Amino acid sequence: MEAIILQILNGLDKGSAYALIALGLTLIFGTLGVVNFAHGALFMMGAFCAVTFSNLLTLSYQSPEPTGTDFLGNPSYDDLFYVQQWFGEAAGAWMMDWAVPLSILFAIPVMISIGVIMERGLIKHFYKRPHADQILVTFGLAIVLQEVIKYYYGANPIPTPAPEVFRGSFDFGAALGFDPNVIIYPYWRLVYFGFAAIIIAAVFAFLQFTTFGMVVRAGMADRETVGLLGINIDRRFTIMFGIAAAVAGLAGVMYTPINSPNYHMGMDFLVLSFVVVVVGGMGSLPGAVLAGFLLGILESLASMSAVIDLIPGINQVIIYLVAIIILLTRPRGLMGRKGVMEE
Amino acid sequence: MFGLEKKDLRLLMFVAGLTLLAPFLLNPFPEGSAMAQFNAGYPDLMQRFVIFGIFAIGFNILFGLTGYLSFGHAAFLGVGSYSAMWMFKLFGMNVIPALGLAIAMSGLFAIVIGYVSLRRSGIYFSILTLAFAMMSYALAYSVLATDMDGPDKQGLLQKGLTGGETGLQLTLQDPRILGAQTTESGNIPVPSLFGVEMRSATELNLGDWVFTFSAGYYFSGVIMLLAFYLSIRIFRSPFGMMLRAVKSNQQRLTYTGLNPKPYTLAAFVISGMYAGLAGGLMAAMDPLAGPERMFWTASGEVVLMTILGGAGTLIGPVLGAGAIKYMENILSKINSDILHTWFAFLPDGLENLIVGMIYPFIGKGWHLTLGIIFMLVVIFLPGGLVEGSQRIGRMFKRKQADDDKPTATTEPAE
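Here the protein sequences come in this chain order: A and B. Using my numbering, you'd call the opening residue of the first sequence number 555 and step up by one each time. Using my numbering, you'd call the opening residue of the second sequence number 20 and step up by one each time.
Calculated directly from the structure, the hints in this document are not laboratory data. Please note that a few of the clues may not be correct.
[Unchecked claim] Below, a sample of chain B positions facing chain A; criterion: calculated Cβ distance under 8 Å: (1) F43; (2) L44; (3) V135; (4) G141; (5) A150; (6) S161; (7) M260; (8) R263; (9) I326; (10) M346; (11) G390; (12) I391.
[Claimed, not checked] PhoX-like mimics (lysine-lysine), calculated; alpha carbons at most 25 Å apart, straight line: (13) K280(B) with K26(B); (14) K25(B) with K416(B); (15) K26(B) with K418(B); (16) K266(B) with K280(B); (17) K416(B) with K704(A); (18) K682(A) with K266(B); (19) K352(B) with K704(A); (20) K352(B) with K383(B).
[Claimed, not checked] Label-pair distances were calculated between CB atoms; the ranges are: (21) T612(A) with L191(B): 50 to 58 Å; (22) I752(A) with N268(B): 41 to 49 Å; (23) L676(A) with M376(B): 47 to 55 Å; (24) E718(A) with R218(B): 57 to 65 Å; (25) V241(B) with A775(A): 28 to 36 Å; (26) A772(A) with E370(B): 42 to 50 Å; (27) L676(A) with N371(B): 53 to 61 Å; (28) T231(B) with T612(A): 51 to 59 Å; (29) M376(B) with T612(A): 27 to 35 Å; (30) V131(B) with I752(A): 43 to 51 Å.
What you are looking at is a predicted structure, and each value in this text was computed from that prediction instead of being measured. Even for Gly, the Cβ is constructed at its ideal location relative to N, Cα and C.
One chain only, chain A, in its complex shape (with noise of 0.2 Å):
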């Protein structure tokens, strides 16, 4: 019971992040019915605005500490923050150690302007064309950017830790009643969970109680009638795809303490994402968030020791055997919707 409780717990903060990537994509794919392969790495770049954000607050320069030598006797130096000057000692400090969250207010402009420039300068001529070119040019379009990063960046994994409050584990076990120490998880698994839910609850909200997202939701109902009544649906999808892209980044940068971001990151998740969008369902919003909470569980529930000891190698392969079985019995996916992208 505990291990299958950890496992759930475990499975829920990759899962949030499924369900992130593939609320994007589906939301591109539901507005401007292009399949971006990119969004992986548009979660990158995410994950990497948090690594720029926490080098600028970290810049220092060099002071010479005028009663200090160092063993050899040469005049020895302090790292000075810039930010710890222009804020102060205590509240530098606080900003340095919570530049991960802090990113989020970096990453959002970053991402939408990312997002907007990418609709607006390469996807909106790919409209017309077949989905098998759009998934060649966003694909090379991954690659690009994916080596773009990886020329600034370097190859290796950039550590970024949490803020010293969340880096250590909260005993769920005793919580729940059960012997101490069983199940323990990080704390920020949760705050990432929470994140996530969060995030998803806000695009719902925006898309259901807003005019503008009422708008949005009839163009893609009906692109054509809605054009039709003099509202001008591209901009407003443009500005959509910005928002898919900013809860990819944002998604990216909240998942860089728990995995250090590394240029290839956002291709690992894609290929799990498009499966988890398949899954839940082409252009369905709840689908995607189903489906990657969903297959996010039965991955880690698959890597429980005694379901490996049953069926070797099941967690390896369990999130494909489900699509592959999902799309084979519900050729919709999940939810899908009547009339997208069906043969």
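Once you have looked at the hints, place chain B on chain A.
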């Protein structure tokens, strides 16, 4: 001849000429000169050109003709490599049975995967093939690499069917029933064709030039020519017409009372067998098979090759495979020192500027160049390099026609 039209025969002869003369054509710069690093005429790389050419030709039969975009073709490449390795381990180092088993096994895999995946089309088909390939990768990496008959068993299945992360390798203990278990000097024998070792090569020195003729290259080259010939025949056959019909309008095909499924499945299996053949050849050239050959990036690579060269054209995939492998092996070798020697004639500041501008695109950054070229091709030249060269050719023809006209009109005035 060969049942081909004149135009196709010319193309086949052209490719045959290129393949046979490749050791000369790819070695245009004398040994030791500054340009020698652009020489691609060494056996290892030439073998890769033709083997990936076969892989891409096969992929093109599926994608170019039917329009089904498979993102899991590397699975068949891996299956072919593993089967060939097992043939080397069990029966002997002759490459013919190894390639036979590689083709047969990948064909069987393709029947199963194709039968299931082809129930869907479009992006769903891509995801299904991707899922199958990733499953094969994961299985080859982990489960199939554990010994199935207890840890104390010696020899063959010591590391399972696939050998896991390190890959499947030849050992001295392999039975090799039909061939020698070891060479006379006690080493592991190398793959051969009736006694001609794949690694054997002769060198020809002409002045400063050194040309290498390797048995392995010519063997794979001949096989690629056969594969190319077969693909021309498929393209021109009624079967090929049916596949094109599937691409242009599957619904209309069904309405006329034809079932597209057997045709697409046949195309899928044929292209899977091509991939298996390529995988088997890879194992024959370098007896080693690892799971990374099945990873989805390997599938993505063949997609890149086919699109870059021109999907649906005969020669495109071969060109694309050559271009990408050339970039991977030659462009990636250039480093900043070499760039500095090239631009040494410029004033220092300008030299540094130019080197700094070029540097991100070469060496380790060759993927960036590949990505940019690929995007440009998809955006501006959906027909790939082949369409590009056709456009350039047409431009010249038009120019010539324009040039001809005035001379024709001026002549009578003489």
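Okay, the hints, checked on the actual structure:
1. F43: Violated, about 34 Å.
2. L44: 29 Å, violated
3. V135: 7 Å, holds
4. G141: Hint on G141(B): holds, closest Cβ of chain A at ~6 Å, below 8 Å.
5. A150: 4 Å, holds
6. S161: 5 Å, holds
7. M260: 21 Å, violated
8. R263: 15 Å, violated
9. I326: 6 Å, holds
10. M346: 13 Å, violated
11. G390: Given a least distance of 3 Å, the restraint on G390(B) holds.
12. I391: At 6 Å from the nearest chain A Cβ, I391(B) passes the 8 Å test, so the hint holds.
13. K280(B) with K26(B): Measuring from Cα to Cα gives roughly 31 Å; hence the hint is violated.
14. K25(B) with K416(B): 21 Å, holds
15. K26(B) with K418(B): Roughly 24 Å separates the two Cα atoms, so the pair holds.
16. K266(B) with K280(B): 12 Å, holds
17. K416(B) with K704(A): Given that 25 Å is the threshold and the Cα spacing comes to 44 Å, the pair is violated.
18. K682(A) with K266(B): 17 Å, holds
19. K352(B) with K704(A): Cα-Cα ~18 Å, so holds.
20. K352(B) with K383(B): 8 Å, holds
21. T612(A) with L191(B): 50 to 58 Å: Between T612(A) and L191(B), where Cβ atoms are some 56 Å apart, the hint holds.
22. I752(A) with N268(B): 41 to 49 Å: 47 Å, holds
23. L676(A) with M376(B): 47 to 55 Å: With a Cβ separation near 23 Å, L676(A) and M376(B) fall outside 47 to 55 Å, so the hint is violated.
24. E718(A) with R218(B): 57 to 65 Å: For E718(A) and R218(B) the Cβ distance comes to about 59 Å; the hint holds.
25. V241(B) with A775(A): 28 to 36 Å: 58 Å, violated
26. A772(A) with E370(B): 42 to 50 Å: 59 Å, violated
27. L676(A) with N371(B): 53 to 61 Å: 32 Å, violated
28. T231(B) with T612(A): 51 to 59 Å: 54 Å, holds
29. M376(B) with T612(A): 27 to 35 Å: Once the Cβ atoms are compared, 30 Å apart, the range 27 to 35 Å for T612(A) and M376(B) holds.
30. V131(B) with I752(A): 43 to 51 Å: About 44 Å separates the Cβ atoms of V131(B) and I752(A), which means 43 to 51 Å holds.
The structure fails to meet hints 1, 2, 7, 8, 10, 13, 17, 23, 25, 26 and 27 from the earlier list, while all remaining hints are met.
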